Structure formats: structure tokens, C-alpha cells
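Chain by chain, the residues:
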Amino acid sequence: MHFVLVSGLLGVGKTTVILNMMESLYESKGHKTVVIENDFGNKGIDGEVMRKYGLEVQDLKGGCICCTLKTGLIDTVRVIQANMEPDVIIVEPSGIADPQIVVNAVQDCNGINIDKLSSIVVVDAERFPKTWKMFERPLRNQLGVADLVLINKKDTVDDAELESIRETIASLGYDGPVNAVQADEGVNMEHIMEIFE
Amino acid sequence: MTAEKEFIPTALAVEMSGTVDPAMEGPEAETMFSSFIRELTRGAVEVGAWSIGHVKAVVESGDGFVSLSSTTDDGNVRAKGALGGISTYSMTVNVIVYGPESEPLERMLLAKTAELPGKLEVEFHRASGCDDPACFDPFCRLDEHIHDPDCDC
Numbered sequence: 201m202h203f204v205l206v207s208g209l210l211g212v213g214k215t216t217v218i219l220n221m222m223e224s225l226y227e228s229k230g231h232k233t234v235v236i237e238n239d240f241g242n243k244g245i246d247g248e249v250m251r252k253y254g255l256e257v258q259d260l261k262g263g264c265i266c267c268t269l270k271t272g273l274i275d276t277v278r279v280i281q282a283n284m285e286p287d288v289i290i291v292e293p294s295g296i297a298d299p300q301i302v303v304n305a306v307q308d309c310n311g312i313n314i315d316k317l318s319s320i321v322v323v324d325a326e327r328f329p330k331t332w333k334m335f336e337r338p339l340r341n342q343l344g345v346a347d348l349v350l351i352n353k354k355d356t357v358d359d360a361e362l363e364s365i366r367e368t369i370a371s372l373g374y375d376g377p378v379n380a381v382q383a384d385e386g387v388n389m390e391h392i393m394e395i396f397e
Numbered sequence: 009m010t011a012e013k014e015f016i017p018t019a020l021a022v023e024m025s026g027t028v029d030p031a032m033e034g035p036e037a038e039t040m041f042s043s044f045i046r047e048l049t050r051g052a053v054e055v056g057a058w059s060i061g062h063v064k065a066v067v068e069s070g071d072g073f074v075s076l077s078s079t080t081d082d083g084n085v086r087a088k089g090a091l092g093g094i095s096t097y098s099m100t101v102n103v104i105v106y107g108p109e110s111e112p113l114e115r116m117l118l119a120k121t122a123e124l125p126g127k128l129e130v131e132f133h134r135a136s137g138c139d140d141p142a143c144f145d146p147f148c149r150l151d152e153h154i155h156d157p158d159c160d161c
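Note that the protein sequences, when read in sequence, are chains C and E.
According to the numbering used here, the first sequence is numbered sequentially starting from 201.
According to the numbering used here, the second sequence is numbered sequentially starting from 9.
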């Protein structure tokens, strides 16, 4: 089973990225995929929206999976794996989660068989220049476990601004692949599928 | 993990159900709800938000639904889906912002909600979080954390 973590600060477009990924996973790969959604509230929205688009979604509500709901995440993954035998589990933590803690929890856990673990981090091109200093520590935590970084909402900035964002991401210690995308229109999203090769 | 107080967002979820008489056409309703989200985002800034996590809503009516999201106070609201004509609807709103206390945020939300047409029922889901400085989670339920006495968890 491939475990894919899609992290990013609040409002960067994680749900939109996942919706777009799921289309490709179904259409081109035929992977059976389940999404675990950690909405940041007792009455979440993202899981509900995904369900309306026909996705198989398990909710973890009422807390953050790197803190309160860490055990709940492990139990949910175990149940999904035992009952549904998916090829891929995609986890969308809340925007405040530390993905390193999620990765460690899943890797250290007995009873979950993970063949591959990938971590995608989404940043928001429109707000990144204003917010990265404010949220430097959580951002560093996210980039610290990233296999791929997506700069979403690339339509909101010009090439020079995009390059500046890339430089900042590099200055934060991340040296892996970075793709600029516009997830709501599916622009440049095809490269994400490379992590499923 | 150590969290500074300012990195703990204020989170509010609201469920609403409403009746609109006379019924509205779908595009008109979508514009109205987009405007509502836009005003909530601006309102959050007015009550002290220094950063918007997100202001999101999903509106359902009959077979149609629209999801709306705003992350900036420049008036931009992203929408997915479509509504048909509406006479009754249900809406869930999530507001997650950095800066304001939950009380002024809730007052602002109630005031903006009162501007929506028709009869509305509104239910708040509050998150006070805990006082543990190492916890980012406003919905924290861990027993070992130091809880705010007014916290629901």
C-alpha cells in the first residue's frame, strides 16, 4: 500500500490538489484509493465536498492528527487496510499538523503494511511571500519530510515571483522537486503522478 | 513541538439551515453566498485577524451544492459546484483565523448571518482548545493537557 501525505498550511489548496490527483489515479492508474480527511473542526467541510465528488473518504474530526488524534489515525488506517485493501491511502492533515509526527507514527506502527510513503507539501503562491516568515517553523517542519513541493495558485503570481518562492523554499533547506501548479484547473498536475510510478 | 500562542488559530464552525421566500435562482443564490463568505473574511480582519487560515462553506439545496473558499481579504472567493433554484438550504461554515478571540469572531459571524435573507436556524460549534503551550490544536481533547475551564472538550 502506498501512503501519501498531503500537507500544507491552512488554505493552500490541499483538498483541491487531492481532488485533482484522485481523477488521475482513477483514470490513468486504476488505483483503489481512500482519503483520510482531518478537518479542523467538529463540523468539517473538505470531507463532505470530496464525498460529493464521489470519493471514498474517512473523516477524523475534532482534533489534529499530529496531536489529539494520532491514535485515531493509526486505528483508521488499520481498519481501512483490513476492510478495503486499498492500493493508496491519501491523508490530508489539518493545516496545523506537523507531518513529521504523522510520518513517524505511521512508520513506527505495527500492523500497518506500507510499501511506500510519500509526502507532498502544498504552498500557496499568492500568500507565500507574506506568510512564510510568520509560519516559518511549521513550514520548515513540513518541508523537512517533503518528497515533492507544489506551489499552488501559480496563476496569481508572475514568473519572477514564482522564482522568488522557489528560492525561499530552497533557503529553508528543501532541495527536492518543486512544481508550480494551478490545481483547480488541473494545470501542470500531471507530474504528481510520477510519485505513483 | 512547541507552539507560540499566536500560532494557535481561532476556529469556529457553524451549521445553518434557511428558508428563502420567494425562491431564488441558482446563480443569484451563488452570488449571494459568495458575497457572504467575502464579508465574513473581511469581518474577520476587522475583528483582528492578522492571517486568514481559511473561511469555507458548503451550501446544499435540493440536488445542487456549492463549496466556497476564501483565504484573503481582497474579495476573492473560489467556488466549485452549482446550485439550482433554492427555497430551502443548509450551509456549513468553517472560519479558521489567527488573531481574534472567538467571542468577537462569533459576534461578527452572527451579525453577517443576520443579513442573509429568509428565516435561519444557526448552530455554533466552538473550539476553545487547551492551555498547553506545546499544543497547536484548538479542538484538543487530551486529558494530560491543561484545559481551559470553558472548553467544551
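Keep in mind that the hints are not guaranteed to be accurate.
[As the list claims (entries may be wrong)] Estimated spans, in silico, between C-beta atoms of each pair:
no.	chain 1	residue 1	chain 2	residue 2	range
1	C	G376	E	A90	34 to 40 Å
2	C	E256	E	R115	35 to 41 Å
3	C	D315	E	L128	45 to 51 Å
4	C	E361	E	L128	38 to 44 Å
5	E	G34	C	A282	50 to 56 Å
6	C	A282	E	G89	45 to 51 Å
7	C	P329	E	S95	40 to 46 Å
8	C	E361	E	E131	37 to 43 Å
9	C	S228	E	P112	33 to 39 Å
10	C	E256	E	E131	26 to 32 Å
Calculated from the structure, these hints are not laboratory results.
Remember, predicted model here, so these are calculated numbers, not experimental data.
Built from N, CA and C at the ideal position, the CB exists for glycine as well.
Checked hints:
A beta carbon spacing of about 38 Å between C:G376 and E:A90 agrees with the range 34 to 40 Å that was offered as a hint. The supplied range of 35 to 41 Å is met by C:E256 and E:R115, whose beta-carbon atoms lie about 39 Å from each other. Distance hint check for C:D315 and E:L128: the Cβ-Cβ separation is about 50 Å, which falls inside the suggested range of 45 to 51 Å. A hinted range of 38 to 44 Å holds for the C-beta pair C:E361 and E:L128, which are about 41 Å apart.
Roughly 43 Å separates the CB atoms of E:G34 and C:A282, a value that falls outside the hinted 50 to 56 Å. Restraint check, C:A282 to E:G89: a C-beta distance of roughly 34 Å breaks the suggested window 45 to 51 Å. Taken as a hint, the range 40 to 46 Å holds for the pair C:P329 and E:S95, whose Cβ atoms sit roughly 44 Å apart. Restraint check, C:E361 to E:E131: a C-beta distance of roughly 42 Å satisfies the suggested window 37 to 43 Å.
The hinted range of 33 to 39 Å is not satisfied by C:S228 and E:P112, whose Cβ atoms lie roughly 48 Å apart. In this structure, C:E256 and E:E131 meet the distance hint of 26 to 32 Å, their C-beta atoms being roughly 28 Å apart.
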